[in-house]
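Novice: Sequence:
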Amino acid sequence: MAGGNKKKKQQRGKSRKNGNSSSGGKKPAPSLEDVLTQAESAMEMSDIDMAMKLFGYATQLLRSRIHGDDAGNGSEQDKCTLANVLGKMGELKASCGDVEGARNDFLDAIELLGNQQEATDMMQGDDGECNISTAQNSESKAGLYLYLGQLSTGTEALTALRIGVSELQRTVSILDRLAASKDDEANGMDIDGELNSLNLKRFMVETKRQLCAAYCSIGELYLTDLCEEPDAENSCEAALKAAVEIDASAQIESGPFESEIGPSPPDALQTMANLRLSQSRVAEALDCIMKTYDRMKVGCEAMSGLVGLATADKEGVQEAKARELLELDAASTLPEYGFRLQTAKIMLECTSLVDDGNNNTKERCSESAIQVLGSLLSENDEVIEVWYLLGCAFMSCSPPNPDSARHYWENAVDMLTKAKEQMEHSGEDVACELEVIQSQLEEVTKKLDELGEEMETK
Numbered sequence: 001m002a003g004g005n006k007k008k009k010q011q012r013g014k015s016r017k018n019g020n021s022s023s024g025g026k027k028p029a030p031s032l033e034d035v036l037t038q039a040e041s042a043m044e045m046s047d048i049d050m051a052m053k054l055f056g057y058a059t060q061l062l063r064s065r066i067h068g069d070d071a072g073n074g075s076e077q078d079k080c081t082l083a084n085v086l087g088k089m090g091e092l093k094a095s096c097g098d099v100e101g102a103r104n105d106f107l108d109a110i111e112l113l114g115n116q117q118e119a120t121d122m123m124q125g126d127d128g129e130c131n132i133s134t135a136q137n138s139e140s141k142a143g144l145y146l147y148l149g150q151l152s153t154g155t156e157a158l159t160a161l162r163i164g165v166s167e168l169q170r171t172v173s174i175l176d177r178l179a180a181s182k183d184d185e186a187n188g189m190d191i192d193g194e195l196n197s198l199n200l201k202r203f204m205v206e207t208k209r210q211l212c213a214a215y216c217s218i219g220e221l222y223l224t225d226l227c228e229e230p231d232a233e234n235s236c237e238a239a240l241k242a243a244v245e246i247d248a249s250a251q252i253e254s255g256p257f258e259s260e261i262g263p264s265p266p267d268a269l270q271t272m273a274n275l276r277l278s279q280s281r282v283a284e285a286l287d288c289i290m291k292t293y294d295r296m297k298v299g300c301e302a303m304s305g306l307v308g309l310a311t312a313d314k315e316g317v318q319e320a321k322a323r324e325l326l327e328l329d330a331a332s333t334l335p336e337y338g339f340r341l342q343t344a345k346i347m348l349e350c351t352s353l354v355d356d357g358n359n360n361t362k363e364r365c366s367e368s369a370i371q372v373l374g375s376l377l378s379e380n381d382e383v384i385e386v387w388y389l390l391g392c393a394f395m396s397c398s399p400p401n402p403d404s405a406r407h408y409w410e411n412a413v414d415m416l417t418k419a420k421e422q423m424e425h426s427g428e429d430v431a432c433e434l435e436v437i438q439s440q441l442e443e444v445t446k447k448l449d450e451l452g453e454e455m456e457t458k
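Be aware that the sequence shown starts at 1, since it is given in our numbering, and climbs by one per residue.
Since the hints were made in silico from the structure, they are not lab data.
Treat each hint with caution, since some may be false.
Straight line, CA to CA, 25 Å or less: simulated SDA-like cross-link-like pairs of lysine to any residue [unchecked claim]:
hint, residue 1, residue 2
1, Lys201, Ser140
2, Lys446, Cys432
3, Lys297, Ala213
4, Lys53, Ser75
5, Lys345, Ala330
Computed from a predicted model, the values in this text were never measured in an experiment.
Whole structure, please, built from the sequences with the hints as guidance.
Specialist: This is the structure in structure tokens:
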């Protein structure tokens with residue numbers, strides 16, 4: 001008996017030893033918060049593969065928690081977090097060209113947020129009371145619908161964009177009611193009352209900017225995919241008028257936060273200029289595009305100065321230093337490259353259509369186009385189209401500047417010739433691309449020939 005007891009004790013001891021060894025050698029699983037932090041970091045660093053793996057792992061954790069805790073206190077929060085993760089995964093898939101995968105992730109996220117909204121509405125009861133969580137939920141859903149709109153075309157895109165607009169309008173309405181409320185618990189974004197108010201106002205500005213962008217997307221849709229629809233022009237007009245009105249409101253309200261969230265992008269004015277050109281209302285188009293430029297003038301002039309295209313301006317040393325700091329800040333918050341390129345194109349179209357008798361207006365538009373294109377050249381001097389358009393801009397001046405135009409067009413010809421040679425020796429099937437480059441070469445060469453003839457006659 002004694003020997004048997006001793007043997008059992010040894011076995012129990014061995015089991016404990018093995019168990020301790022096993023648990024001691026196994027690393028604890030990372031927390032959900034750590035995984036999401038690492039995923040966000042990978043996304044910021046454009047490490048898409050790592051971000052996708054981490055977000056994928058996070059979705060597994062969240063789904064298991066949701067299904068295992070249907071009635072738990074954290075279930076609704078987990079659904080909200082999962083919807084956010086799916087939205088991030090959708091963004092990444094869209095950036096990689098996986099449109100269908102992105103669409104499915106966005107739709108799954110919308111379904112989760114819809115379920116969460118139903119639960120929130122039930123808890124709030126029939127009195128219509130709302131809180132910041134309700135506003136955030138609507139704003140998140142709106143973002144997902146706007147992404148779906150970008151991934152779609154025609155009426156399908158329009159439907160998604162309109163739902164996104166409705167969700168954003170609901171968010172603005174809720175924020176208006178919260179801002180008017182004196183109940184700190186309803187405001188509930190921070191303990192300090194003053195900070196509560198500021199946070200609500202900032203959320204309002206950011207939401208209005210999204211709403212403005214959504215209306216611009218609807219307007220652009222009627223200018224492109226849906227331009228043949230029976231009421232396309234009136235629908236486009238209504239959407240862009242709403243965008244301009246919201247943009248003006250957001251610009252006024254953004255004052256206290258502009259240093260943090262940047263200036264309001266002038267999308268509404270640029271899209272309205274495009275509409276007015278399509279309607280042959282050139283004077284109004286010119287007014288809109290110049291207002292667009294005024295919103296990014298300082299930054300464009302600062303950037304164009306780096307490539308020798310700055311406007312001459314005499315000022316004292318102190319004023320120059322103050323201006324340099326202002327320009328540095330403005331340059332860092334310029335609209336994206338494509339937006340500025342489109343702005344320059346609209347400006348040049350306006351100069352070609354504006355009445356020649358109004359030389360001051362035409363000259364200001366041409367000079368502004370040069371500054372916008374200069375900011376693009378400073379950012380990336382390998383875009384052939386920018387060199388070509390700069391030549392066109394100098395020829396649109398009053399009087400034209402043929403020497404400068406020749407400089408930029410000749411550079412464009414050199415770049416096109418090199419691009420053509422590289423394609424011809426690439427060994428790949430690039431017949432279509434070569435045809436495009438050859439057409440561009442002929443166009444720029446023709447302009448240079450015409451310029452030479454003009455200079456000879458003089």
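Novice: Take the hints in turn and mark each one as holding or not.
Specialist: Hints versus structure:
1. Lys201 - Ser140: 18 Å, holds
2. Lys446 - Cys432: 21 Å, holds
3. Lys297 - Ala213: 21 Å, holds
4. Lys53 - Ser75: It holds: about 23 Å lies between the C-alpha atoms, which stays within 25 Å.
5. Lys345 - Ala330: 22 Å, holds
Violated hints are absent here; each numbered hint is respected by the structure.
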